[in-house]
Amino acid sequence: MTGIAQISETKMPLEVRSLVKRFGDLVAVNDVSLTVRAGECLGLLGPNGAGKSTVIRSIVGRVVPNSGSATVFGATADSTEARMALGWVPQELAIYPRISCSENLGAFGRYYGLKGRALKDAIGWCLKWAALEDRQDEVAKSLSGGMKRRLNMAAGMMHRPKVMLFDEPTVGVDPQSRNRIFEMIEALRDEGMAIIYTTHYMEEAERLCDRIAIIDHGRVIASGTKDELVRESFGSCSQVLARFKGEHAAIEAWAARHDGRVTDSTAEFTVEQATEIARLLDDAAKAGLELEDVSLRKPNLESVFLHLTGRELRD
Amino acid sequence: MILHVAKTALTALRRDRGALVLSFVLPLAFFSIFAVIFGGQHDSTPKVNLIVVDEDRSEASQDLVKALKSEKSLVVKTKPAAEKKNAPAPADYTAETAEVAVKAGDAPVALIIPQGFGQHPIAFGPEGGGSELQLLNDQSDSIAPQIVVGLLQKAAMTAMPASMADEGMKYADKYVGFTPEQRKKVDADLQALRDEEARGRTSSASGASEAGDSNAGIVAVKTRAVVGQDKKSPMISFYAAAIGVMFLLFTASGSAGALLDEAESGTLERVLSTRVTMTKLLAGKLVFNTLLAFVQLVAMFLWGWAVFHLDFFSHLPGFVVMGLCTAFAVAAFGMLLASACHTRAQLGALSTLLILIMSSVGGSMFPRFLMPEAMQNAGLLTINAWAIDGFTKVFWRDLPVSALWPQVAVLLAIGVVLFVVARRVARRWEVA
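Going down the list, the protein sequences come from chains A and B. Just remember that my numbering sits 345 ahead of the position in the first sequence, which is counted from 1. Just remember that my numbering sits 4 ahead of the position in the second sequence, which is counted from 1.
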């Protein structure tokens with residue numbers, strides 16, 4: 346593709362170093378450093394307002410950081426080379442609602458400098474990738490929510506970038522369409538694309554991302570593979586979830602004795618061995634608590650986030 | 005319950021600044037504009053530019069010119085304005101150059117006082133036998149010649165009493181007959197009147213300027229249209245331009261508002277992350293809005309041709325030049341408004357306010373020559389006035405494209421300045 350020939354593919358596809366962005370007194374991004382390799386999907390996992398989108402917008406040159414840098418194959422983020430190597434799917438439906446799918450793709454293709462045969466081929470490829478071939482002449486605003494999202498993604502793919510940034514691409518999408526979007530992203534990763542995927546859905550990060558950076562209040566508070574993150578927070582422990590009938594104060598007092606925490610009548614504990622469950626339940630019975638349900642599970646990213654921040658991921 | 009509904013509506017109105025502006029500021033602005041135009045405030049009634057050519061150079065003709073010059077409602081010009089400050093004074097108008105000047109729109113009326121006027125200046129009735137004054141007029145201004153004719157009659161009465169009495173006595177002598185004594189007495193009285201007229205000419209002329217009667221028939225006037233005399237539908241081209249520009253302004257603002265939609269949806273930010281820069285983006289939209297406005301003008305004039313017999317195709321070159329320049333200025337105006345506003349509602353309110361004011365002051369709602377001089381000058385700050393003047397030159401005065409340079413230069417300059425300011429204001433969208 347045009348422009349990409351000028352960048353050095355031996356360099357890291359995407360590298361963010363010590364990025365800081367302030368809006369007045371608010372530090373939206375605080376010393377964030379990231380790298381993404383070819384064929385890798387890095388998840389930026391964090392609640393709404395954590396600073397994920399600001400990191401993405403800094404990479405695409407839409408936000409000027411106060412300090413730090415973002416480079417794409419060694420080229421600064423606001424250079425033409427970087428723009429041609431980068432694709433961005435914003436959280437909003439950033440498409441033209443009154444023109445058709447293929448016209449939308451044509452418009453964005455031309456904005457990237459495509460024309461003639463290359464433009465036509467790119468439109469065809471994107472329509473196929475987004476499974477919109479049979480809707481290519483339909484105006485964007487009449488598409489279903491999932492189709493609009495797929496068109497939104499396809500518009501960012503017209504110049505076949507090497508690095509792709511997906512900013513919460515499944516917002517407001519039904520489960521079936523979401524699955525289709527996952528397949529599209531997995532196909533790109535399998536082709537060797539470097540991807541950043543932001544989400545506040547733990548399940549999405551777990552399914553799609555090779556590595557995950559957990560971001561909160563503008564800082565990356567942990568990063569690694571899912572297993573690494575869980576291991577760092579919980580070691581080899583498992584989690585016990587126990588739901589009781591009874592007074593909330595009594596449940597909390599019992600949970601506190603065993604270093605657990607209570608959320609919506611459900612007490613949560615970390616245990617090294619499954620045998621510890623019997624001891625916990627025995628103590629609960631002595632405290633007069635009536636057990637409704639108990640389960641044992643491996644800690645997940647939600648648990649890691651809760652462990653690191655003391656808050657739910659979706660708070 | 006009714007009060008709750010009313011209270012909710014009031015709360016919504018208070019939050020909607022655009023609606024508030026339209027509800028209160030716009031009516032006040034319009035009231036003021038109309039009051040100034042038609043209320044005759046501060047003695048600012050419109051003055052009529054009148055070119056006077058005195059071919060007679062007699063005492064009577066000079067008295068008449070002097071009396072016309074003292075009229076507050078007239079601006080009498082006997083020679084063109086000097087092109088440069090230190091340039092030698094240009095020659096007086098002749099009948100030919102006066103006609104050219106009226107055709108060019110320098111003045112709506114020219115008065116030719118023919119040779120021999122002084123011998124028989126007064127004409128009692130249609131067959132009075134007095135010398136005939138010639139009035140050359142531009143039909144686009146139907147009011148100016150009427151004002152001039154009225155003031156001419158008044159000036160004749162006040163500036164030439166001796167001539168009028170002399171002519172009256174001749175009638176009396178012809179139809180009644182004087183004795184030699186009576187004739188001697190009449191001659192003595194007329195001489196005394198002439199002496200009196202010579203002594204107090206100026207005071208009698210200026211002192212009567214407030215009278216409203218035209219006293220038609222004292223001097224014979226023949227009016228001849230030199231512009232628009234062969235037009236099938238005299239005012240169609242004026243209204244096509246006047247109304248066209250006003251609606252072009254509305255369309256351009258609405259169309260430029262797409263920028264706000266794109267900013268709100270995130271499309272603008274996405275486009276700016278591609279190879280498209282803000283300057284290129286705005287320039288692209290300016291090109292589109294210019295072409296859209298031009299096509300609108302074409303449609304309007306074609307409609308005028310098809311339905312109202314507007315002579316469109318023989319004025320095509322001038323139309324294309326004026327149409328493109330007007331469309332460019334109007335499109336840049338829309339771009340600036342869209343760049344300056346934060347929401348569609350703001351844009352709607354601001355554009356309605358500005359466009360209606362510009363259209364009323366700039367001559368889209370009523371001809372500028374009806375307005376007080378200050379208002380006419382204020383109109384020159386609007387796109388409407390320059391566009392209408394240019395189209396009038398093309399369709400009304402049949403002037404060549406080269407004569408459009410002032411309008412073309414001003415409209416292009418307006419467009420460039422507005423676009424540069426719009427680009428500067430649009431920096432807020434570039435990066436955070």
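Everything labelled a hint here was simulated from the structure, so no lab data went into it. Any given hint might turn out to be false.
[As the list claims (entries may be wrong)] Chain B is nowhere near these chain A residues, computed Cβ spacing over 10 Å in every case:
no.: 1; residue: Met357
no.: 2; residue: Leu379
no.: 3; residue: Asn393
no.: 4; residue: Thr425
no.: 5; residue: Glu437
no.: 6; residue: Leu438
no.: 7; residue: Leu472
no.: 8; residue: Glu536
no.: 9; residue: Leu553
no.: 10; residue: Ser583
no.: 11; residue: Ser610
[What the hints assert, rightly or not] Derived Cβ-Cβ restraints for the label pairs, each shown as a range:
no.: 12; chain 1: A; residue 1: Leu371; chain 2: B; residue 2: Arg348; range: 21 to 31 Å
no.: 13; chain 1: A; residue 1: Arg462; chain 2: B; residue 2: Arg19; range: 21 to 31 Å
no.: 14; chain 1: A; residue 1: Glu635; chain 2: B; residue 2: Arg348; range: 39 to 49 Å
no.: 15; chain 1: A; residue 1: Asn375; chain 2: B; residue 2: Arg348; range: 28 to 38 Å
no.: 16; chain 1: B; residue 1: His313; chain 2: A; residue 2: Val516; range: 40 to 50 Å
Each residue gets a CB set at the ideal place from its N, CA and C atoms; glycine is no exception.
Each hint tested on the structure:
For A:Met357, the shortest C-beta to C-beta distance to chain B comes to about 20 Å, beyond the 10 Å cut-off, and the non-interface label holds. With a closest Cβ-Cβ approach of about 19 Å to chain B, A:Leu379 is found to remain outside the 10 Å limit, as its non-interface label requires. With a closest Cβ-Cβ approach of about 16 Å to chain B, A:Asn393 is found to remain outside the 10 Å limit, as its non-interface label requires. Separation of A:Thr425 from chain B is inadequate, the least Cβ-Cβ distance of about 6 Å not exceeding the 10 Å criterion.
A Cβ of chain B approaches the Cβ of A:Glu437 within 10 Å, the least distance being about 3 Å, so the stated non-interface status is violated. With a cut of 10 Å on Cβ distances, A:Leu438 falls inside the contact zone with chain B, its closest approach being about 7 Å. Non-interface status of A:Leu472 relative to chain B is upheld: no Cβ of that chain comes within 10 Å, the nearest being about 19 Å off. Every CB of chain B lies more than 10 Å from the CB of A:Glu536, the least distance being 22 Å, so the non-interface label holds.
Consistency note on A:Leu553: stated as away from chain B, and its beta-carbon is indeed over 10 Å from all of that chain's, at 22 Å minimum. Every CB of chain B is more than 10 Å from the CB of A:Ser583 (nearest about 43 Å), matching its label as outside the interface. Residue-level check passed: A:Ser610 sits 41 Å from the nearest beta carbon of chain B, beyond 10 Å. Look at A:Leu371 against B:Arg348: about 28 Å separates their beta carbons, and that is inside 21 to 31 Å.
A C-beta distance of roughly 53 Å is found between A:Arg462 and B:Arg19, which places it outside the suggested range of 21 to 31 Å. Judged by the Cβ atoms, the range 39 to 49 Å given for A:Glu635 and B:Arg348 is violated: they are separated by roughly 59 Å. Between A:Asn375 and B:Arg348 the CB atoms are about 36 Å apart, so this pair conforms to the stated range of 28 to 38 Å. In this structure the supplied range 40 to 50 Å is violated for B:His313 paired with A:Val516, their Cβ-Cβ distance being about 59 Å.
Hint compliance for this structure: hints 4, 5, 6, 13, 14, 16 are not met, and every other hint is.
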